[in-house]
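Visitor: So the chains spell out like this:
Number of protein chains: 2
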Amino acid sequence: MAKPAYVAVDWGTSSFRLWLTGHDGAVLAERRSDEGMTVAATAGFASILARHCQAVSAPAGLPVIVCGMAGARQGWVEAGYLDVPAALGAIPSAAVRVPDPLADIRILPGLAQRHPARPDVMRGEETQLLGALAERPEGHRLVCMPGTHSKWVHVAGDSVTRFSTFMTGELFEAVANHTILRHSIAEAGAVDGDSTAFRQAVADIIRDPALASNLLFGARSGALLHGLSPADAKAHISGTLIGLEVAGALEAAEPGTPVTLVAAGSLGSLYESAFEIAGIEPVVIDADAAVRAGLAVAARALWAI
Amino acid sequence: MAKPAYVAVDWGTSSFRLWLTGHDGAVLAERRSDEGMTVAATAGFASILARHCQAVSAPAGLPVIVCGMAGARQGWVEAGYLDVPAALGAIPSAAVRVPDPLADIRILPGLAQRHPARPDVMRGEETQLLGALAERPEGHRLVCMPGTHSKWVHVAGDSVTRFSTFMTGELFEAVANHTILRHSIAEAGAVDGDSTAFRQAVADIIRDPALASNLLFGARSGALLHGLSPADAKAHISGTLIGLEVAGALEAAEPGTPVTLVAAGSLGSLYESAFEIAGIEPVVIDADAAVRAGLAVAARALWAI
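Chains as they are written, first to last, in the working numbering: chain A, 1 to 305; chain B, 1 to 305.
Rather than coming from a laboratory, the hints here were simulated on the basis of the structure. Computed from a predicted structure; not experimentally measured. Note that CB positions come from ideal geometry on N, CA and C, so glycine has one too.
Which chain A residues stay away from chain B? Per the calculated CB distances, all over 10 Å, these: (1) GLY25; (2) ALA26; (3) LEU28; (4) ALA86; (5) ALA90; (6) GLU138; (7) ASP158; (8) THR161; (9) GLU272; (10) PRO282; (11) ALA301.
Here are the computed distance ranges between Cβ atoms for each label pair: (12) ALA203/A - GLN54/B: 53 to 59 Å; (13) GLY279/B - GLU281/A: 35 to 41 Å; (14) ALA41/B - ARG73/A: 42 to 48 Å; (15) GLU281/B - ARG162/A: 34 to 40 Å; (16) SER15/A - ARG97/B: 55 to 61 Å.
Coverage of chain B stretches by chain A, computed from C-beta distances (three or more under 8 Å per stretch; other residues unrestricted): (17) 155-167; (18) 240-250.
In isolation and in its complexed conformation, chain A is listed as follows (with noise of 0.2 Å):
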């Protein structure tokens, strides 16, 4: 085994994942857990930390950087915020360290947005970027990181000028469990951006985005008076909801402006598909590629790795 030079953790709100990774960035083993921030605030983070570093047998005082929601006020240490506009090389410099007599361990701060109409944070996502725009720092483009809070990032070169956050998995997990749509979609299965019902929620919505809450209902009256199946039930609340999401943030951009979807597994499909129906043509990065790639540039600005 090539010789590990740093541990890197991508720590979020419900899940821990934790790459030992060698001079060159190769992973050289991974742990994942659901140890999120919610976990080890009750947990403890350094044990949490100490439990996985051991697993993947590294060598004791690697050094550690860390990103997401570890550096939250609720998390281990508050690693607070940069403002926008930021230069995306500035955070590495803004980590925090963790006091920790035995090894450097740095947790990356997040973007605040504090306009007063419009303020915004993010957490992790300014870790994805700097891993997904490390090769490619030029022009301005608008970069989707979806997920349970999607991230809209306009990027003008290597700074962040602005963004946006839209609830979106978050929004559908609350719909699709705690309304009476839950009756709609009991068993179905993961959803299909390719489906019928997929592609026709996001058109509509696209054309109009105000209905929102009543198209949202048609998932019920659908299955009441059409016999609309769980799954096709299913892939319409997720049609509408990602469809508003894409709405809302392309309505907000140039038009023309070159988009960067960073996603992985499923979700990135579902989005891809979206893009598709709203005529987007996105640039596709791995988000676990991203995640990595912004912890490695982090590593080798803090320690010269």
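For this one, chain A is given, so just place chain B on it according to the hints.
Guide: For chain B alone, kept in the frame of chain A given last:
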């Protein structure tokens, strides 16, 4: 006490209301409980009704007129739907009789819109409409009935031509209780429709409805960055969702169509405030009075009371 003529019941998903009513429509006694359809489906509709009838000393065998979810498939006896376009006057004769050896108990039907792309249903609101419009059945108007599932109904004379459900109330509950925004509104009391936070949120979403899932997140980012209070965060969420509904419903109507608001209590005040911001001056009708009036119209039609 005047002589009771019939028992009127509004039996919703989560609430039960009963009025012992005289020949002239006067309320002789009233009962309210949370034994809605969900509870009654387990506890038994007949026994709940009998107990409340007994509590108001209703004479045995008095006829009972019921509207609402008691007529749903999961309810007491399924009362089906009248398809729109539908004359409100056709509702009473479409009532379904509950098999009961002692009393004449009838449940009023709902309304269904079987349009392939815009299926929709209502159950209970058709009786409010019947009451609200009984004395002024002329012209074309748009009737807003806010609630868990708000209904916007296009009425021409005595006929319902089409309608749309906006699941505003249920979305508010899901967002306020089952997303990260719950932390920002903890312990906040009732929303004030005259507050700047509510009015600004209504204005913002009407101007740009596609940003709904972004503007909602402002309750959190505003709390994090600008110290937005729990009361203002809650008003912001409420204003965003009510404003979205108003924007969507008005967009789908002919400009200048007169609007009638059938609402009660604090919810009615929030909609009146949102209407003012949207430049609408509605005729306001009390929802409680409207449902009693609708049940009275039905009772008179069925029993020549």
